[in-house]
Amino acid sequence: MSVPDFVIVGSGAAGGVLAKELAEAGFRVVVLEQGPYLKNSDFEHDELKVMFRYGITNDPQIQPVTYRRTEADQAQVGGTIQYAKLVGGGSVHFTANYWRFHEIDFIERSTLGPIGGASLEDWPFPYAELEPYYTMAEWDLGVSGLAGANPFDPPRSKPYPLPPMPVKSSGVLFEHATRQLGWHPFPAPLAILSKPYMGRNACQHCGFCIAMGCEHNAKSSTLATVIPRAEATGRCEIRPHSTVFRVETKPNGRVSGVLYYDRNGKERRQKARAVIVSCNGAETPRLLLLSESTRFPQGLANSSGLVGRNLMFNGWTLVQGEMPEPLNEFKSVMTTRVIQDFYLSDPQRGFYGGGGLDARFDAYPIFFALNCVPPGMPRWGADYKRWVRSAYTRTIMIEGHSTSLPVESNSISLDPVVKDAWGLPAMRVTNTDHPDDLKMRLFLVDRSLEVMNTMGAVRPLAQPVTIQDGSNHLLGTARMGDDPRKSVVDRFHRAHDVPNLFICDGSSLVTGGRGQPTCTIQALAYRAADHIARFARAGEIPSGS
Amino acid sequence: MTAFDFSRRRFLADSGAALVAGWAAANGPALERALRYARRAVAAPIRPSFEFFTAVQGADIEAVTDQIWPADDTPGARDMGVVYFIDHALATDAVAGKMKPLFSTGIELLQARIAELFPETPGARFSSLPAERQVTVLHAIEATPFFDAVRTATCLALFSNPSYGANPEGRNWAAIGFVPRFVWRPPFGAYDQDAHAGEPQ
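Protein chains in written order, with the numbering used here: chain D, 1 to 545; chain R, 1001 to 1201.
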């Protein structure tokens, strides 16, 4: 085709939505995706391949990640940034938790005031402005849940399109225990179909949601939902095995397209009138920094110096325990009940932070045998085997999801030494979680242990709370804002520095919510597409080609 | 983290850290071939010779794997040929092969501990010790990277998909209660038997 209107780098939670919305709006779109174009029939329940062999994720052997705690340290190979590397991106392998952010997440800075050691800011718009797009995402993609069941839920203009998933034994136990404790359990909102929807199958309860693709097309990934609709317009090409390494800039300060390596390692160019970067909160800043030029010596769109900074991972906690009877949690979705009673930051606790808990079980057999042995239990031998045989079906887990404060020195940058398989600078992670984030996680561990005790679970095991060297929640590294000195993109996702460059993915988030960012990333993508289409129709995006 | 929401940071942290130097870095197809090899090896009328280990070393490693996951009323690691998976992977894959010194020195360490703990039987091999003595020796080395590498390989082999070979007909899954049916209907477990009225079917 001739020069397309948009090239979108990345086909994940955000890129897939943008592709469909812009193609349906009449624009010609090329989507470049590093990974392969798999079909639902390609997805297997193969723990060895997916969990231990980087089956559908970035492979650190060809794309090494380095990590250092502070900017004073020398980074070492071994950071654990992880993202799904295939058409559909993280929306294919995520657990499908689909929590909206609450009103407070958009105005926490002005509500609470400044927090030492953090660069907390309000979003450039309130929850109410994003609400219609949350609803659009839920109905366009297919989300199961029960409106009104969570007393802390923000206002919504429509219920969920699908009823909640059937409750599991973990959900029943968690619901009873948390009610006893005076809390407010509700059915987990999940981007998984409890009933057939828009020509797709309902969930068959195979139990392999986390980290895996769905062979029934019941998980509402962009691969299963919007990407086929984008292609059906005849105006969108999805081009897999295309690893973009540079956004090209013209002397007039506009971008003209991208350079990428194809599946044979051959360098290719894709021109476009405008470029949208949706590579995730780690690869997006890396690409912008790799795209430095004489015009933009600090990296593209980086006059603020904030590209890659304010990296947020979300906090998480995990406690497991055993019940007397089998739960058989290896069946069905990972989680069916949630509480958000601790969502708000409470000054009474003495530190900033908030979060939620869910009841779940998400250990496949290899992982369970290797890593879920409680303290005091042998890790090998006859007693170990007896324990694994008894505990696999009787284990329940409670996972916490919590805040991570934006801290400017936490960042994605280019490693000065280590290179990837193409000879490009590797991704370097600098991260020390804010002390309040660690305190909030310890608080959630204590609440989880209370639930375990109330349920009567034995041998509780809490994963230690430690500073994170990576994550698969990759947020905040090209934050939105009205002030070009304090943000990378404006409230419409347009780079402050480049009139025909847009950035929309986890990097856009100003705050990280309380975990589970995909819902918000996708609502932002629907909203961004609306505005980008409006600008394009009005001739307000100058062409770079 | 669930590769860990792949949350899955937990998977990242735990599986990554424990395995980063060894099995996780090994070549995927080579590991799969090694698992299939293990199945053929235990099915053969006469078990094949080892490719990397000597016969004596292989017998020692096999005994270690069988102490990690011993037979009860379900098969143990020896029955599943886990040692052939380890041996074939070390012999045929360059990346896994980087662990050869770890295994060679680990076997020497085993022998050194035997000499310390049981000086009355100089030169006795681990594989020839009575079971309770094997357990004593393994307690003395259970915190070493060598033991971790054997334990990790044993779990990878036993609980990987039956198509790979060391979990024939999913027998090790059956032992822990995991049923690979992949299509279920509620109720799922003991605590949700009466909880499904009015839910989507």
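Just so you know, the hints here were simulated from the structure itself, not pulled from any lab data. Please note that the accuracy of each hint is not assured.
Stated by the list, open to error - With a straight-line cut-off of 25 Å between C-alpha atoms, the simulated DSS-like cross-links for lysine-lysine are:
{"hint": "1", "chain 1": "D", "residue 1": "K195", "chain 2": "D", "residue 2": "K250"}
{"hint": "2", "chain 1": "D", "residue 1": "K266", "chain 2": "D", "residue 2": "K250"}
{"hint": "3", "chain 1": "D", "residue 1": "K39", "chain 2": "D", "residue 2": "K49"}
{"hint": "4", "chain 1": "R", "residue 1": "K1100", "chain 2": "D", "residue 2": "K486"}
{"hint": "5", "chain 1": "D", "residue 1": "K250", "chain 2": "R", "residue 2": "K1100"}
{"hint": "6", "chain 1": "D", "residue 1": "K39", "chain 2": "D", "residue 2": "K195"}
{"hint": "7", "chain 1": "D", "residue 1": "K271", "chain 2": "D", "residue 2": "K250"}
{"hint": "8", "chain 1": "R", "residue 1": "K1100", "chain 2": "D", "residue 2": "K195"}
{"hint": "9", "chain 1": "D", "residue 1": "K419", "chain 2": "D", "residue 2": "K266"}
Cross-check of the supplied hints:
Proposed proximity of K195/D and K250/D is contradicted: the alpha carbons are some 50 Å apart, above 25 Å. The hinted pair formed by K266/D and K250/D meets the criterion: a straight-line CA distance of about 23 Å does not exceed 25 Å. Our distance criterion of 25 Å between C-alpha atoms is met by K39/D and K49/D, whose separation comes to about 17 Å. For the hint pairing K1100/R with K486/D, the CA-to-CA distance comes to about 53 Å; that exceeds 25 Å, so the pair is violated.
Distance check on the hinted pair: K250/D and K1100/R sit about 53 Å apart at the alpha-carbon level, beyond 25 Å; violated. Only pairs whose Cα atoms come within 25 Å are accepted, and K39/D paired with K195/D is accepted, the gap being roughly 21 Å. Of the pairs offered as hints, the one joining K271/D and K250/D holds, with about 12 Å between alpha carbons and a cut-off of 25 Å not exceeded. About 52 Å separates the Cα atoms of K1100/R and K195/D, which puts this hinted pair outside 25 Å; it is violated.
Taking the CA atoms of K419/D and K266/D, the gap is about 18 Å. The hint holds against a cut of 25 Å.
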